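From first to last, the protein sequence lines are chains A and B.
Each step along the first sequence adds one to the number in our numbering, with nothing skipped, and position 370 is 350.
Each step along the second sequence adds one to the number in our numbering, with nothing skipped, and position 348 is 350.
Hints may be right or wrong, so weigh each one.
Computed beta-carbon distance windows for the label pairs [said to hold, decoys possible]:
#1 B:D489 to A:R135: 57 to 67 Å
#2 B:T332 to A:D166: 50 to 60 Å
#3 A:V260 to B:T332: 44 to 54 Å
#4 B:E176 to A:R67: 23 to 33 Å
#5 A:V344 to B:N482: 42 to 52 Å
#6 B:D489 to A:K162: 36 to 46 Å
#7 A:I204 to B:E176: 22 to 32 Å
#8 A:D20 to B:G451: 36 to 46 Å
#9 B:G307 to A:K192: 42 to 52 Å
#10 B:D489 to A:D200: 36 to 46 Å
#11 A:N163 to B:N482: 42 to 52 Å
#12 B:A470 to A:V260: 48 to 58 Å
#13 B:N482 to A:I204: 24 to 34 Å
Bear in mind the hints are in silico, worked out from the structure with no lab data behind them.
Owing to the predicted nature of the structure, the values given are computational and were not obtained by experimental measurement.
Even for Gly, the Cβ is constructed at its ideal location relative to N, Cα and C.
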Amino acid sequence: MQKVSFAKIRASYGLIGNNNIGNYTQYALVNNTVNAVFGDNVATGAAVTSLANRNLSWETTKQFDIGLDLGLFNDRIQFIYDFYNKRTTNLLYAVQVPQESGFGNFYDNIGEIKLWGHEFSLTTRNLDGALKWKTNANISFNRNKVMELAPGIDRVYGSFHITQVGQAFGQFYGLVKEGFYKNADDLKNSPQAPGQSAIGTIKFKDVNGDGKITYGGDKDDRTIIGNPFPKFTYGLTNEFSYKNWDLSIAGSGSHGNQLWVRHLYSTANLDGVFNMVAGVKDRFRVQNAVDADGKSVATTVISEGKGMFGATNNGGTYTGIERDWNSSHFLADASFFTIKNVTLGYGIGKVGNVFKSARVYASVQNVYVFTKYWGGPNPETSANGAGNGDGGNLSQGVDFSNYPVPRTWTLGVNLNF
Amino acid sequence: MKAKYIAAWLLAVGLTGCRENFLTVVPETSLSSATFFKTEADFRQAVNGAYVPLRSIYNGPAWILEEMHSDNSYYARNVLYGAVDATENVANFAVPTANGVTANGNVLSQYRLNYQIIARTNQILTSIDAVEFGADSKNNLRGQALFLRAFAYFDLVRLFGKVPLHLTPVQTREDAAQPLASTEDLYAQIEKDALEASKLLPNKAKQEAGRVTSGAAKTLLANLYLTQKKWAQVQPLMEDVVKNDGYTLMPDYNNAFSFTSANKNNQESVFEVQYKEGSEGYNGSFVYSFIPSPISAEEMKPLTGTSNTQGTSQESNNIPTPDIIAAFETGDKRKDVNIGYVTLSGSLAENKTYPYIKKYTRPHALHGNTGQNWPVYRYSEVLLFLAESLNEQGKPAEAATYLNQVRTRAGLAGTKAVSQADMREAIFKERRVELAFENKRWFDLTRTGRVKEIITAYGARIKANPAAYYFPKGYAPPSNAFTILDDYYGLPADESALTPHF
């Protein structure tokens, strides 16, 4: 038996253009239904709705791949490895511009992004007798890094994300949640958000050490708090067959990525207009009292809750900066492993004179998800794009409460003529 | 042989086939600036489009930033309703501001909407001269664009003090952020534009109703001079409007304000932001922010008279304060036009009867959809501008004539003020009640340098008696209320993140 039954080294290099600019993006477009009213008359109005860029061009990707295919012991073990390295320059991007220009963004070719990754796949035929058992395992490590944005711009903000030179794109950005102000001493001895902090309300980390919690501006305490991209993704498939029986079990998973639990803005809102997540009942609770100045202040702690949700400020329904300031409060570990499919089949062989062969099978899709994700039923969700007012590659990993993935049971018969 | 022919043909095509613009494909299915701004009709449409952001400004952030940010109106705390701190902070003089920048959403939208007007008018003003058409029409269109640009900058300079100055359309990404211009430079540009507009625009008799006129431009210019305390320059402008532009006070103060379709752009109106009731999307809805809440459909019905009346459960704003109610003299007919009362069975406050702004709450057809115009400049303000300019120049007796025209219409006797100081106070008070809830109060406080004096006392009154300012029992303004008494708002944080200049 040959030790190495197959070996191949692959390599490729290419330049790829992306001209997916959209029609007429280089022009300033005019909308002629921006109508005015004068007295009782409607007068047709027009306004330029986008900024022109006559120099708009293609984006270019230089890609280098190298790979190794290896078959060992009569291909009982097959191993595939790939490495890719892409550099995309002149990215087509709607760069946000200050709206003193009258417009929100400017389509331009900016920056450079480097994407690289390692992909391994191992297929083994473990048993080759009457009982056959084949296993495929694969794992991928994908990374990216922003090498350059536009001249003079070193960061681009999204609603919950930041893309910064020297970092992976679309990182979660906000304050770091440390817990809640547990009592009057804790409040007094910790940095506060002026006018916002009270006993039982959310406590953030004073990242710049100036003794105050500040959101935005020069004394910003926001920092990169999480990553929507996994450290690695992986898959595992096992196939068994014995006589007429066949069984396959396939699963896949992702590790080290986080999701922004976007729906908490509504589902942890005590205004009474939404149904809420159950955890809110275990929020921090305080007794409010009116002090000598006639203002309402938190005094007595009734319950510290379970550390997830804080008290409302001033005794109302409004949770204040816990809801309004982006922070790690909204982040959840979204690592998971899902058993995607289990199929059990039985081959019947020839049936009468009509069917050459037949097989009956039962299969289950989306069998079980192993995860610690608490933000919803589906750790694979991401509402980037429609629905959350955000979108694109720079703002991935947002859970805006999508439909859960259904578990599907199938019973079937395959008939071959 | 054949190859030679083909080569020759290719060469011929190659040399003659491509004109310079061969690769320039002008969009045929959508309008672009490459084909627009070529005819008189294009410019008329562009000018119309430049008015449009005013609807959003006056429906939304303007009254929050310019009226609720004063002792004239407050919010009625509804503890069943949350996420209202952006507006409460404005009313409480507690807008979180650091290094001249604030994340307040009202500030952001007011800023951006004004710059939409500026971008649209800049586009018109840079391209209109290159297109040939009738002088009268061109002057009128240029005048309207100049007015609107000056008007937007005047609002910005009074709100922020210093803002970026854009006078041409943005062409490159680098152009989009401009350095902050000084207050003086902004004033100078507003003066130049408003002055030119006042000369180019026709007067009210000749202009289509609802568009800006020479009278409106003169009033805007006078308002600027008043803010700059250039009293001698206010006087001739306002005398010109009084003598030559044909405005008169409506005999009844109640009729100075538009109904959902009647009384628009009346003889007293110098400039109004135009709304139209209906489903086309040109309506206002500001009244619905002002009606106290939580209100049931039955309680709402007498106020709006709509066929599909619904209750609301929001936190309502621009609720008249006890201070402004007390500012009306006995017998002032304007009090009942401005202030109405409604009792809310669902209120958690001990006193369930709330005042509301009655002069905007007019019967109409559709719930949440009104056609009332917003009064920006009225002839009574022209008279008060004139009175103020005369008094400041040491002529209180002459000032009294114009002040008393306004008082007479309100059913009041002539002013008792004689000295310049008394007259100054009388005009200041008269402006408060005559122009109540017309977004004048905050700018009157800043331009007279009286923010700290008046707001400190006002804040103390609220803190001493929250129940009188519509707080339910056990609730009060936040601890940082009435701590930020600057004349200007911080610049918007979202803009600060995108520009290197602030």
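Hint check results:
1. B:D489 to A:R135: 57 to 67 Å: This hint is violated: roughly 32 Å between Cβ atoms.
2. B:T332 to A:D166: 50 to 60 Å: Taking Cβ atoms as reference, T332 (chain B) and D166 (chain A) lie about 55 Å apart, which means the hint holds.
3. A:V260 to B:T332: 44 to 54 Å: holds (53 Å)
4. B:E176 to A:R67: 23 to 33 Å: Holds - the Cβ-Cβ distance for E176 (chain B) and R67 (chain A), about 25 Å, lies within 23 to 33 Å.
5. A:V344 to B:N482: 42 to 52 Å: Because 58 Å falls outside the window, the suggested range is violated.
6. B:D489 to A:K162: 36 to 46 Å: holds (40 Å)
7. A:I204 to B:E176: 22 to 32 Å: holds (28 Å)
8. A:D20 to B:G451: 36 to 46 Å: Taking Cβ atoms as reference, D20 (chain A) and G451 (chain B) lie about 42 Å apart, which means the hint holds.
9. B:G307 to A:K192: 42 to 52 Å: holds (51 Å)
10. B:D489 to A:D200: 36 to 46 Å: violated (26 Å)
11. A:N163 to B:N482: 42 to 52 Å: Violated, at about 21 Å.
12. B:A470 to A:V260: 48 to 58 Å: Since A470 (chain B) and V260 (chain A) have Cβ atoms about 34 Å apart, the given range 48 to 58 Å is violated.
13. B:N482 to A:I204: 24 to 34 Å: holds (30 Å)
Hint check: violations occur at hints 1, 5, 10, 11 and 12; the rest are consistent with the structure.
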